[in-house]
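4 protein chains.
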Amino acid sequence: MAKDPTQTYFAGTERDRAAFEAGIKLGAIVHQFVGTPVTEGTAAALERAMEASTRLQPLVEDIRVRIDRERLRAHGPYGYASLTEDLFDIEVVVRAGPSRAVGVLRFVPELDYPLMYLKEIGGPTEP
Amino acid sequence: MAKDPTQTYFAGTERDRAAFEAGIKLGAIVHQFVGTPVTEGTAAALERAMEASTRLQPLVEDIRVRIDRERLRAHGPYGYASLTEDLFDIEVVVRAGPSRAVGVLRFVPELDYPLMYLKEIGGPTEP
Amino acid sequence: MAKDPTQTYFAGTERDRAAFEAGIKLGAIVHQFVGTPVTEGTAAALERAMEASTRLQPLVEDIRVRIDRERLRAHGPYGYASLTEDLFDIEVVVRAGPSRAVGVLRFVPELDYPLMYLKEIGGPTEP
Amino acid sequence: MAKDPTQTYFAGTERDRAAFEAGIKLGAIVHQFVGTPVTEGTAAALERAMEASTRLQPLVEDIRVRIDRERLRAHGPYGYASLTEDLFDIEVVVRAGPSRAVGVLRFVPELDYPLMYLKEIGGPTEP
Chain A
1 MAKDPTQTYF AGTERDRAAF EAGIKLGAIV HQFVGTPVTE GTAAALERAM EASTRLQPLV
61 EDIRVRIDRE RLRAHGPYGY ASLTEDLFDI EVVVRAGPSR AVGVLRFVPE LDYPLMYLKE
121 IGGPTEP
Chain B
1 MAKDPTQTYF AGTERDRAAF EAGIKLGAIV HQFVGTPVTE GTAAALERAM EASTRLQPLV
61 EDIRVRIDRE RLRAHGPYGY ASLTEDLFDI EVVVRAGPSR AVGVLRFVPE LDYPLMYLKE
121 IGGPTEP
Chain C
1 MAKDPTQTYF AGTERDRAAF EAGIKLGAIV HQFVGTPVTE GTAAALERAM EASTRLQPLV
61 EDIRVRIDRE RLRAHGPYGY ASLTEDLFDI EVVVRAGPSR AVGVLRFVPE LDYPLMYLKE
121 IGGPTEP
Chain D
1 MAKDPTQTYF AGTERDRAAF EAGIKLGAIV HQFVGTPVTE GTAAALERAM EASTRLQPLV
61 EDIRVRIDRE RLRAHGPYGY ASLTEDLFDI EVVVRAGPSR AVGVLRFVPE LDYPLMYLKE
121 IGGPTEP
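Here the protein sequences come in this chain order: A, B, C and D. When the letters of the first sequence are read in order and numbered with our numbering, they come out as residues 1 to 127. When the letters of the second sequence are read in order and numbered with our numbering, they come out as residues 1 to 127. When the letters of the third sequence are read in order and numbered with our numbering, they come out as residues 1 to 127. When the letters of the fourth sequence are read in order and numbered with our numbering, they come out as residues 1 to 127.
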């Protein structure tokens, strides 16, 4: 990676930044797109748009967004659903120098909660 | 159109409803998608997702969403923009029985304002 | 009302515009704020912010936003909810010249749907 | 803090989590509230609502949200602005066990970019 002009603003290590940036991406996707009308027929277009917008952001190496068709329940007289947090299944990979973080959002039934967590994090803990 | 089960909730005429529903769609698109990271390269995917989500909603006959590439200005160290209200160019056609409304959102330079307006509205003014 | 410089852009009557603007406000509130974390303790602050932002918009005469505490269900390990469309109870009053429209959003159990509808609409049907 | 039931899902250290959670909060605030109509007169109510909704989320110790009145430019015939990313000035403090992260969002003129960064990060780098 070419020298990033934002680097001087950051405290901590590149590993810290990788974790931080993974969090940003998950928070951003969810709160940007929650509430969008969706059906099985339109889910793929929405997934592509969410992935494309995420790829533009700092340090994203890979992003996969899935809307859970099993949990998606069209309802009401017009037969569509609104995208809710529990329908997301996201995995985002962020790289900062030698460090890499994999952030996940998925609904965890045991917690009754759409959990964002670090699935993997690696790299030096010293600057 | 088959009898719409929501009809009994509405005051006014089908023409009133057509105008009302056109407004809903414009308000919804803008406030759902404003803030999404975008570039010339991702604008088309986002336009498709916005159109697809709008088509699911009540009484939409047609919808066209364009992001103004001329006004789109990538900036900052990562070279993307955030979708703002003044970048939208939307035309939505709504039909309620014999009535039809065409709602538009576009930036109007003379007003320095992204204006939502009724471009066309027709149909009986009596129930 | 002083002459509104946007008026020349509008097709139809002031009554059409009142209906259209009422729709915009409902679509905007919902798609702006859906997804916001909320509990009984924070609902009032959010209601005030939603009302304040709506009052700024064209032709709004009155606005009341309530989050349904009965339907609000805190869940997950951190004990909060996300604002969803079915939790809204909104009434917005719009005036365009002699015409007045009252738009409502509320969850209608019989429809299993958060319905936006015109509760009242009045004024001349001729320009 | 009582044992957090989400802990078993997390890779890495509590420091990694603190950085990650700080990122989530910044991404969430921005993409939830960008686009909201705002003036100097309504900015305070919106700031309070943004802070209240953030305090509900996991591991937040403190949050301060300011809308930059200097940059806020009401415009158009109705005299209000839309909240954009460059108007935010946010500082969020997250604690995970002995680790603490301070995340900031502010517009950085030299970068022409609203930068999210870790202002402080501390705590053990070993589990």
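Careful: at least some of the hints might be erroneous.
One copy or two, either will do: identical chains are not told apart, so a pair holds if it fits within one copy or between any two.
Lysine to aspartate or glutamate pairs mimicking DMTMM-like chemistry, simulated, CA-CA at most 25 angstroms apart [to be verified]:
no., residue 1, residue 2
1, K3, E70
2, K3, D68
3, K119, E14
4, K119, E40
5, K3, D86
FYI, nobody ran anything at the bench for these hints, they're computed from the structure.
Status of each hint after checking the structure:
| no. | hint | in the structure |
| --- | --- | --- |
| 1 | K3 to E70 | neither (44 angstroms within a copy, 30 angstroms between copies) |
| 2 | K3 to D68 | neither (38 angstroms within a copy, 30 angstroms between copies) |
| 3 | K119 to E14 | both (17 angstroms within a copy, 13 angstroms between copies) |
| 4 | K119 to E40 | neither (28 angstroms within a copy, 32 angstroms between copies) |
| 5 | K3 to D86 | between (38 angstroms within a copy, 24 angstroms between copies) |
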